[in-house]
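J.: Need the complex rebuilt from these two chains, each delivered in its own frame; the hints are there to steer you.
Same order as they appear, the protein sequences are chains A and B. Take our numbering: the final residue in the first sequence is number 340, and no numbers are missing along the way. Take our numbering: the final residue in the second sequence is number 1160, and no numbers are missing along the way.
Hints listed in this document are in silico derivations from the structure and should not be mistaken for laboratory results. Be careful, since some hints might not be right.
Claimed, not checked - List of simulated lysine-lysine pairs, DSBU-like, C-alpha gap at most 30 Å:
#	chain 1	residue 1	chain 2	residue 2
1	B	977	B	965
2	B	974	B	1148
3	A	148	B	1040
4	B	929	B	942
5	B	1041	A	260
6	A	260	B	1040
7	B	871	B	942
8	A	340	A	260
9	B	881	B	942
10	B	942	B	892
11	A	340	B	1040
12	B	929	B	908
13	A	187	B	1041
14	A	148	B	1041
15	A	187	B	1040
16	B	929	B	892
17	B	1148	B	1041
18	B	871	B	974
19	A	148	B	942
20	A	94	A	132
21	A	148	A	187
22	B	1148	B	1012
23	A	187	A	98
24	B	881	B	892
25	B	881	B	977
26	B	1040	B	1148
27	B	929	A	340
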Amino acid sequence: MRRLLLLVCFLVLTASAGDVQWRLSAENGLFIRESSESALLSRLSGRVLIRHRFSFARLQMQARLTPEWMNTPETLSTVKFSGKIQATGRLMRGNWRTFFLLNDYYYNRSETNPVFYKISRLGISYVHASGAGKTVDVSAEYAFRNWDTQPFNRTNLFRISSEFALTLPLHTKLGLSVTANHYEIHAQNRAGLHTGWQMGPGISFRHQNRFIMHYSLHYYRLFSSLSPTRQSTVFVRFLWGAFITKRLSAFVYVDYQRTRPVERTIPPEWRFTPFESENWSYLKLEYDVSAHFGLYGKGGYFKDILPDGNTIRSGVQFMAGLQLTK
Amino acid sequence: MKYLILFLILSVSLWGQQVNKQEAQFETLQKQILHTEQQFQKAQQQLNNYLSGTDSLKKARAGADVLTRRTAQAYEFAKTVESINSRLRRLKNQGRTLRSRLYRTYSVQIDSLNKELSTHPNDKTRKQLFSAMTKRLSVSPVAESLHFNPAYIGQIDSTVLKEPLGRELAQSYLAQADSSLSREIDQLQKKEREMQQIISLRAKAADFVEEMDDTRMTSFEPIATKATTTDANAYSDDAERIGTAKDLANYQSETYFLLMHALEPGASINEDSSQMLEYPELLQRLSQTRRFLQQYQKQIQRKLQSIRKP
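Pulled out of the complex, with its shape left as it was, chain B reads as follows (with noise of 0.2 Å):
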């Protein structure tokens, strides 16, 4: 038993460790990032002055020996111009991969410091809780479209702050960022009853076509009994009724398949470069992102409460 919990203290020592330096490598990413945004700019700009350069020289009817040597200068502006840039993406590529490894790190945070709070709440869990969330918002994609930023959010303590001034400016920062999670939370409540209704809606389609793939063998009751007795040489209506029968059953199933396809939930629907999703998986993820801001949400009120207090 010694040895289970001393395994259990060593693995999320272990794990702690694992997410800082996760934390710390995505910090130096991002600056990394800004770095080399900075100078993509910088070299995109140098490039555009050298070419609208050459083109005034160009004019001006410059000797060839001075437009050849300007040329090759500016194609080695722009090979470095490409260079900076492929760098650039390879950085925002890692910068994803780590953005969602840390999103799965603090998800699962929460869903443990939830659960320890459901049996014991307590003010230290509460706030370690509110310390996770912010740090998945953070990283989270809806991040972008908040009206605050939650780092600072993050830093407010009203216990710290003693000053009127100070806690009238993190009250009203508190109370704007509680407007702008109201407004986020209200539009994601619109998408999902809007993402329902369409997952309803394909549903009933698609069984309304399973039911027109039934519907069709009905009519051609007489077709099917004539095919026992018929003689296959003969010309005559009921002849071309067996060759109809079959096409009819062949094309029926065909109707019903490439309909069912465009229908069902498997089809994709966001077809963008980045990702396919479908109509569930969607609504899934809204689901989630609007729960998870409602509870954020709680967690600023309470906080603004906190200050509001004498």
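Excised from the complex, chain A in its bound form (with noise of 0.2 Å):
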């Protein structure tokens, strides 16, 4: 809560300063799963956004508050909050960007003790161009997750992970990367340490003109110090949006992967699997009454497959919202 004080205050005092941005949602729907009763959610949002120039980068600062309620018959509410800062600039034949990322996840249940879960990231990267069209980027990061409850457990990750990207004609771009995650898990019930490596190469392709589409497609090895196990992961990402008339556009994510072998020798709070086991397909339609305020709808079915390989959860959501933004 001091932090988030903290950075409210900090951005309260720089936006005079700079270009300040802000949006307000408010969504309603229904939430059905398949494991249990369904619920009536409700979620509100509220984002700042301060950018800021200097003449050597520049700066931008996001504040981002989400409250939310499901009717249950244990009722939750959830507040997340997440704050970003983030500086880009310009060197030789380059851009370079540092960031800064906070999320803090507050889970209430009148039935059990609250929840707590934080993450925190810290990078640099720099984009070269190559030449014409040839870009390379290089980027390495600190990540830090705390899933503050009994027995806790954290994890250390050092990303390294570097991508040539060559740009087609039509607005298009192709990107070959590779990435190595190194990682580091605390369990509090647990003596010592779990090592590992996670690293693979990935392709992606983005179009950004009309329409946007974003494609990728990534391929993940492990190496744990506890199991000889190597597993495999696939993982596939797309994003597509589009406005269909002046003022209605279309969006859709999906997400999808699929991890083999299912790991059984390492204790669950030790578990490295850094991607998650539910797949998303979301569509989202939004309608621009004015510059300033929209309508929207979105609905979306989701699929976990748990690590055990045999435990399945889906559902679907669907919500009706409206928004403010300036």
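T.: Structure (structure tokens):
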């Protein structure tokens, strides 16, 4: 809470110096799960974005607060806070970028103790223009995760990645990347550490002109200090968006992943499977009533195959809302 | 007070001299570039001729001594070509720097003259404005795509043109410039509209990805609560879910972050060898150029009307 207040004060103080944008939204809907009862869901969301330009860099600060309520027999309320500070600038024949991201999640259920989940990320990257239409992106990042409950679980993640991107005709770009993650997992009721590496190549295809399309495919191999099993994960992500008419826009988002073989030798709190087992397909339609006011409807289907390979959770969600922007 | 006025007069006078000096430098540099380009073409041609002559001698099975001498000579020619080329590159770089400096100087002049015109409209200031605009257009990157020479436009003066033929030619040239500007402005407007649409679409897509970040957390609501009570050694489905929940949270932030990086306005879009511009910056430049061309077109139309008047 103290960090939140500090960030809010900081944003308010610096707001006078830069370009300020904000967004408020309210939505209601239905969450239908196969494994449990359907629930009514209400969500509010507020975001403030401040941009400031210096002669040597651009600074961007964002704070987002999302409280939500789910009308289940146990009544669940959640508060999510996200803060981001990012600076970008030019250096030689490229752009540099550094960021700090902070996510705090607070879950409160009437029957049990509240749960805190935190994640912080600190990173730096440089995109070098190596020729007409060719770029090389190199980035390094440190992430800290904390699952603040009993027993607690903490993870340190060090990531290095590089991408070579080639601009193709018709506003498209092809990217070839390689990523290496080194992780350290601390669990309260386990002595020592679980360390390991996860690495692999990726390919992405991006188009941005009359419509937006991002498609990526990654393959990762896991090397754990605790298990000889070498897990492989294939991960597909797809985003598409376009204006159907001048005021109506549509977006589609799909996530799909598959991990094999199922890990059974490592205790659950020590496992590292950085890609979620949840597969999402989501559609959103948005209608701009005016430049600052819009209405939207969205619906999605999720299918969650748990790491045991047998348990499947699935459900659908339908939401309708309105938003104000500046 | 009188010292302040004196200081201002002195500053304006020095600034004026500085501008004239820069203009003279730019003109000299342009001449040097032209001359060096000619030298480069000539040296390149000589080298090509020499190389083709050596090829012919090789085919005619000339002696080894002759071929060695010619190869050494060709190497000297190639060194000369490279040296001229590097001088040309240096001059062009200097030209670019000076061009952008002049562009900024003229922009300041135009702003101040526009302010003056809005408070005290008069012909003298209007002429000065037109002259500054013409100069700025001459050093602007857009000048290359225009089908007229702004310097010629600047020289056309309806009060001096008395002969019907001269007036007719000037009128025709101005009309041509007017239509060329209209085409250019149309193109810029079209690009602006496209750019605005892309910016809006990217912002909406970024919002959508941000919303997805929230949506995911909802779906693991039962998992989060289980984590408070589960025995860590249990290998039940619930225990499996805890692992999933932690990893899910890790991932969701990753998805959000990677996509946001690609969608946010800060992401680079034009990674050619010279510069990496961002969409909002590019849009701003397009709008500025379009507004400037529209203003310049009005001045040309005014000039055209004054020539058409008997």
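J.: Each of the hints needs a verdict: does it hold here or not?
T.: Now the hints, each set against the structure:
Proposed proximity of residue 977 of chain B and residue 965 of chain B is supported: the alpha carbons are some 14 Å apart, at most 30 Å. Of the pairs offered as hints, the one joining residue 974 of chain B and residue 1148 of chain B holds, with about 16 Å between alpha carbons and a cut-off of 30 Å not exceeded. For the given pair, residue 148 of chain A sits about 27 Å from residue 1040 of chain B by alpha-carbon distance, which is consistent with the 30 Å threshold. Only pairs whose Cα atoms come within 30 Å are accepted, and residue 929 of chain B paired with residue 942 of chain B is accepted, the gap being roughly 20 Å.
Straight-line distance between C-alpha atoms of residue 1041 of chain B and residue 260 of chain A comes to about 16 Å, which keeps the hinted pair within the 30 Å bound. Under the criterion of a C-alpha separation no larger than 30 Å, the hint pairing residue 260 of chain A with residue 1040 of chain B is consistent with the structure, at around 15 Å. Note on residue 871 of chain B and residue 942 of chain B: the hinted pairing holds, with a Cα-Cα distance of about 18 Å set against a maximum of 30 Å. This hinted pair checks out: residue 340 of chain A and residue 260 of chain A have alpha carbons roughly 19 Å apart, not beyond 30 Å.
In summary, the hint linking residue 881 of chain B to residue 942 of chain B is supported, as the alpha carbons are separated by about 11 Å, within the 30 Å threshold. With a C-alpha separation of about 18 Å, the suggested pair residue 942 of chain B and residue 892 of chain B falls inside the 30 Å cut-off, and the hint holds. The hinted pair formed by residue 340 of chain A and residue 1040 of chain B meets the criterion: a straight-line CA distance of about 25 Å does not exceed 30 Å. In summary, the hint linking residue 929 of chain B to residue 908 of chain B is supported, as the alpha carbons are separated by about 22 Å, within the 30 Å threshold.
Distance check on the hinted pair: residue 187 of chain A and residue 1041 of chain B sit about 20 Å apart at the alpha-carbon level, within 30 Å; holds. A hinted pair counts as satisfied when its Cα atoms are at most 30 Å apart, and residue 148 of chain A with residue 1041 of chain B qualifies at roughly 23 Å. Note on residue 187 of chain A and residue 1040 of chain B: the hinted pairing holds, with a Cα-Cα distance of about 23 Å set against a maximum of 30 Å. About 14 Å separates the Cα atoms of residue 929 of chain B and residue 892 of chain B, which keeps this hinted pair within 30 Å; it holds.
Of the supplied pair hints, the one linking residue 1148 of chain B and residue 1041 of chain B holds, its CA atoms being roughly 21 Å apart against a limit of 30 Å. Under the criterion of a C-alpha separation no larger than 30 Å, the hint pairing residue 871 of chain B with residue 974 of chain B is consistent with the structure, at around 24 Å. The straight-line distance between the Cα atoms of residue 148 of chain A and residue 942 of chain B is roughly 24 Å, inside the 30 Å bound, and the hint therefore holds. With a C-alpha separation of about 10 Å, the suggested pair residue 94 of chain A and residue 132 of chain A falls inside the 30 Å cut-off, and the hint holds.
For the hint pairing residue 148 of chain A with residue 187 of chain A, the CA-to-CA distance comes to about 9 Å; that is within 30 Å, so the pair holds. Of the supplied pair hints, the one linking residue 1148 of chain B and residue 1012 of chain B holds, its CA atoms being roughly 23 Å apart against a limit of 30 Å. Distance hint between residue 187 of chain A and residue 98 of chain A is fulfilled; the C-alpha atoms sit about 27 Å from each other, no more than 30 Å. Distance check on the hinted pair: residue 881 of chain B and residue 892 of chain B sit about 17 Å apart at the alpha-carbon level, within 30 Å; holds.
With a C-alpha separation of about 28 Å, the suggested pair residue 881 of chain B and residue 977 of chain B falls inside the 30 Å cut-off, and the hint holds. Between residue 1040 of chain B and residue 1148 of chain B, the direct Cα distance comes to roughly 20 Å. Compliance with the 30 Å bound is thereby established for this hinted pair. Between residue 929 of chain B and residue 340 of chain A the alpha-carbon distance is near 60 Å, which puts this suggested pair outside the 30 Å criterion.
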